[in-house]
Amino acid sequence: MLMSTTTVEIEFRTAIRDALAEELERDSRVIFFGEDVAKAGGVFAVTKGLYERFPDRVFDTPISELAITGAAFGAAVCGKRPVIEIMFGDFLGLSLDSLVNQAAKYWYFTQGQTSAPLVVRSAVGAGGRFGAIHSQMPISWFFGVPGLKIVCPATPADAKGLLKAAIRDDNPVLFFEHKKLYSLKGPVHDEVIPLGQAAIVRPGRDLTMVTAMKGVHDCLAAAERLAERGIEAEIVDLRTLKPLDRVTILASLRKTNRLMVVEEGPRTGGWAGEVMAIFVEEGLDDLDDAWRLCTPDHPIPYSPALEDAFLPGADAIVRSVLDRPSFAHTA
Amino acid sequence: MVRVAADLQLDRTTYESLYRTMVLIRKFEEMVQDLFERGHVHGTTHLYSGQEAVAVGVASVLGPQDRVAATYRGHGHALALGVPPQQLLDEMLGRKTGICGGRAGSMNVIDLEHRLIGCFGIVGGSIAAATGAGLALKGTGNVAVAYFGDGTTNHGYFFECLNFAKVLELPVVYVCENNLYGEFTPWEDVTAGRIEARPEAFELPVQRADGNDLFAVRDAAARALDHARSGNGPAFLEVMTYRYVGHSRSDPGKYRKPGELDAWRKRDPLLIGRQALRERYDASDEDVDRIVESARVELVAAREAGLAAPFPEPGPVDEFKPA
Ligand SMILES: Cc1ncc(C[n+]2csc(CCOP(=O)(O)OP(=O)(O)O)c2C)c(N)n1
Ligand SMILES: [Mg+2]
Numbered sequence: 485m486l487m488s489t490t491t492v493e494i495e496f497r498t499a500i501r502d503a504l505a506e507e508l509e510r511d512s513r514v515i516f517f518g519e520d521v522a523k524a525g526g527v528f529a530v531t532k533g534l535y536e537r538f539p540d541r542v543f544d545t546p547i548s549e550l551a552i553t554g555a556a557f558g559a560a561v562c563g564k565r566p567v568i569e570i571m572f573g574d575f576l577g578l579s580l581d582s583l584v585n586q587a588a589k590y591w592y593f594t595q596g597q598t599s600a601p602l603v604v605r606s607a608v609g610a611g612g613r614f615g616a617i618h619s620q621m622p623i624s625w626f627f628g629v630p631g632l633k634i635v636c637p638a639t640p641a642d643a644k645g646l647l648k649a650a651i652r653d654d655n656p657v658l659f660f661e662h663k664k665l666y667s668l669k670g671p672v673h674d675e676v677i678p679l680g681q682a683a684i685v686r687p688g689r690d691l692t693m694v695t696a697m698k699g700v701h702d703c704l705a706a707a708e709r710l711a712e713r714g715i716e717a718e719i720v721d722l723r724t725l726k727p728l729d730r731v732t733i734l735a736s737l738r739k740t741n742r743l744m745v746v747e748e749g750p751r752t753g754g755w756a757g758e759v760m761a762i763f764v765e766e767g768l769d770d771l772d773d774a775w776r777l778c779t780p781d782h783p784i785p786y787s788p789a790l791e792d793a794f795l796p797g798a799d800a801i802v803r804s805v806l807d808r809p810s811f812a813h814t815a
Numbered sequence: 019m020v021r022v023a024a025d026l027q028l029d030r031t032t033y034e035s036l037y038r039t040m041v042l043i044r045k046f047e048e049m050v051q052d053l054f055e056r057g058h059v060h061g062t063t064h065l066y067s068g069q070e071a072v073a074v075g076v077a078s079v080l081g082p083q084d085r086v087a088a089t090y091r092g093h094g095h096a097l098a099l100g101v102p103p104q105q106l107l108d109e110m111l112g113r114k115t116g117i118c119g120g121r122a123g124s125m126n127v128i129d130l131e132h133r134l135i136g137c138f139g140i141v142g143g144s145i146a147a148a149t150g151a152g153l154a155l156k157g158t159g160n161v162a163v164a165y166f167g168d169g170t171t172n173h174g175y176f177f178e179c180l181n182f183a184k185v186l187e188l189p190v191v192y193v194c195e196n197n198l199y200g201e202f203t204p205w206e207d208v209t210a211g212r213i214e215a216r217p218e219a220f221e222l223p224v225q226r227a228d229g230n231d232l233f234a235v236r237d238a239a240a241r242a243l244d245h246a247r248s249g250n251g252p253a254f255l256e257v258m259t260y261r262y263v264g265h266s267r268s269d270p271g272k273y274r275k276p277g278e279l280d281a282w283r284k285r286d287p288l289l290i291g292r293q294a295l296r297e298r299y300d301a302s303d304e305d306v307d308r309i310v311e312s313a314r315v316e317l318v319a320a321r322e323a324g325l326a327a328p329f330p331e332p333g334p335v336d337e338f339k340p341a
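If you read the sequences in order, they're chains A and B.
So in our numbering, the last spot in the first sequence is 815, and the numbers never skip.
So in our numbering, the last spot in the second sequence is 341, and the numbers never skip.
These aren't lab readings, by the way, just hints derived from the structure by calculation.
Among the hints, a few may not be true.
Which bits of chain A does chain B cover? Going by a derived footprint, with three or more residues having C-beta under 8 Å, they are [what the hints assert, rightly or not]:
(1) 513-526
(2) 546-556
(3) 612-623
Being a predicted model, the structure only gives us computed values, none of them experimental.
Idealized CB from N, CA, C, for every residue including glycine.
My request is simple: use the sequences and hints to build the entire structure.
Here it is as structure tokens:
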């Protein structure tokens with residue numbers, strides 16, 4: 485693919501802002517709203533300046549998640565392309581009904597006549613000491629709902645390219661932004677990145693690490709340390725969790741025969757289990773070992789002493805690999 | 019003009035202790051801010067500075083078995099209910115000795131022993147929790163109090179719970195602390211009509227009070243509590259007040275109108291409180307300074323002990339309460 489990659493590095497948050505600005509510019513049906521997103525520019529300073537450029541299509545709302553999400557759905561099925569911000573993913577519990585019972589089912593009910601093309605942007609993830617109600621990874625709340633796409637970028641380039649694709653997509657899309665990535669800098673390009681395509685971000689022969697979002701960076705850091713011990717990990721950044729790119733991950737497995745899934749999110753009911761199920765169903769012949777590293781099944785702690793131990797960071801990833809019988813000899 | 023009912027007249031000792039609690043809250047918040055800037059308090063904090071008279075005024079007329087649900091801006095409510103400053107501070111510091119063992123943090127404090135069923139990080143969560151507490155307390159002569167802000171009156175929880183509580187005649191007092199802003203947004207930009215028209219539509223008795231004057235808050239709260247306690251169903255209180263610091267840690271407050279902060283500072287609840295001590299109780303400036311100093315000394319000790327307290331140790335946690 486030909487990409488005009490700039491050498492300038494921009495922040496993850498700026499990449500998201502640029503994608504929004506470019507889509508607002510390109511398509512007059514796009515509208516963007518949420519709490520403190522317009523005049524204040526968002527609590528994570530993601531959307532600064534958009535209101536000034538598009539005063540008719542970018543606006544602040546009351547603190548009313550039911551209305552925000554419900555209105556996005558209604559507007560979507562009447563010709564708009566709404567993008568909404570739900571400030572913290574933890575608040576999506578309030579948006580659940582409109583997304584699950586209305587938006588996700590519209591295409592099916594109308595027998596393919598009309599879909600609900602809306603995007604929900606939301607900040608997720610732990611590590612910021614925000615406690616159990618501002619740190620969650622709500623993916624498993626939505627993962628089992630047919631009709632919802634779920635996008636999870638790890639880099640500024642992917643954030644931009646995937647958000648543009650999400651806005652152009654005719655389906656309801658959840659677009660999750662990890663808080664710890666907002667200040668991450670990286671190059672960007674002008675391509676729209678198709679939803680549903682994973683990326684191999686590090687090639688390796690000994691082990692496949694499947695992950696997403698902040699996990700990609702943790703796995704990359706861990707892989708460098710494992711390489712010093714002669715273990716070469718291949719890292720698959722899923723980028724989109726739904727639809728899931730089975731082809732890329734199965735191809736990697738054929739090469740390495742060992743699978744580790746790193747998911748920031750509760751072990752029970754998470755997407756890591758789904759990835760493993762795909763391997764078992766479709767790649768069993770190639771499988772020598774498979775396991776997952778997730779967060780424990782209890783609420784996210786506030787205290788740094790507890791939160792650090794709770795999260796699957798680079799140290800935990802290295803330890804987890806070295807604990808496997810097939811790598812124990814290198815430990 | 020609200021008149022102070024006879025049974026609400028405070029003796030000097032009691033009033034001094036209420037004033038001291040207001041001072042304690044202000045100084046506690048200043049300490050938390052300082053510890054935040056020094057990297058000992060983490061994540062984010064939502065300080066209560068400027069609103070002290072509300073929490074202390076309402077708490078001063080609560081009964082021992084009443085229940086309170088507060089918000090992420092809950093340090094003041096907790097202290098007013100008697101949560102020990104040491105344990106509250108240790109929670110912010112993420113220590114094992116914190117009121118929730120360092121698990122919950124600033125936004126999610128719970129202290130059942132002191133009637134605080136929770137501080138709720140979800141806007142509207144306090145309204146829901148207090149409504150349910152009212153369901154549990156109905157017929158006992160005890161009351162549940164919900165604290166929440168102006169911005170929260172636009173939330174689904176607000177409308178559903180007020181209607182629910184009225185239909186079921188639950189003993190709940192809803193205290194809306196109107197500090198003029200929800201985060202960075204002036205309340206009037208996102209609120210249709212008057213706030214008090216909403217509970218009025220549900221036929222809750224509504225009072226508005228000066229939230230910076232402890233006596234005014236206390237008087238209105240006493241009436242509302244009395245209404246709910248006597249089995250007449252829920253009551254509503256809108257108190258006008260102002261927060262001096264940003265919404266949370268990363269807010270320079272650019273949305274404030276020119277002169278607004280200064281105007282409110284002139285009506286500081288601590289100033290009004292000091293004046294009341296002098297005028298109503300004949301206290302001298304030295305008397306008042308002694309109270310302020312004793313709060314300061316208490317917090318200096320708490321700070322030192324908090325910073326020396328142990329961190330919790332990570333280990334397996336039971337997902338469920340065992341049988
Ligand atoms: C459901 C939900 N939506 C949004 C937020 C983010 N948020 C936290 S406080 C706040 C403003 C609340 O304003 P107000 O009710 O006036 O209370 P104040 O903070 O002024 O005390 C917002 C939007 C949240 N915590 N929960
Ligand atoms: Mg407010």
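Going down the list of hints, with the structure as the test:
no.: 1; hint: 513-526; result: holds (count 4)
no.: 2; hint: 546-556; result: holds (count 6)
no.: 3; hint: 612-623; result: holds (count 7)
The earlier numbered hints are all upheld by this structure, with none contradicted.
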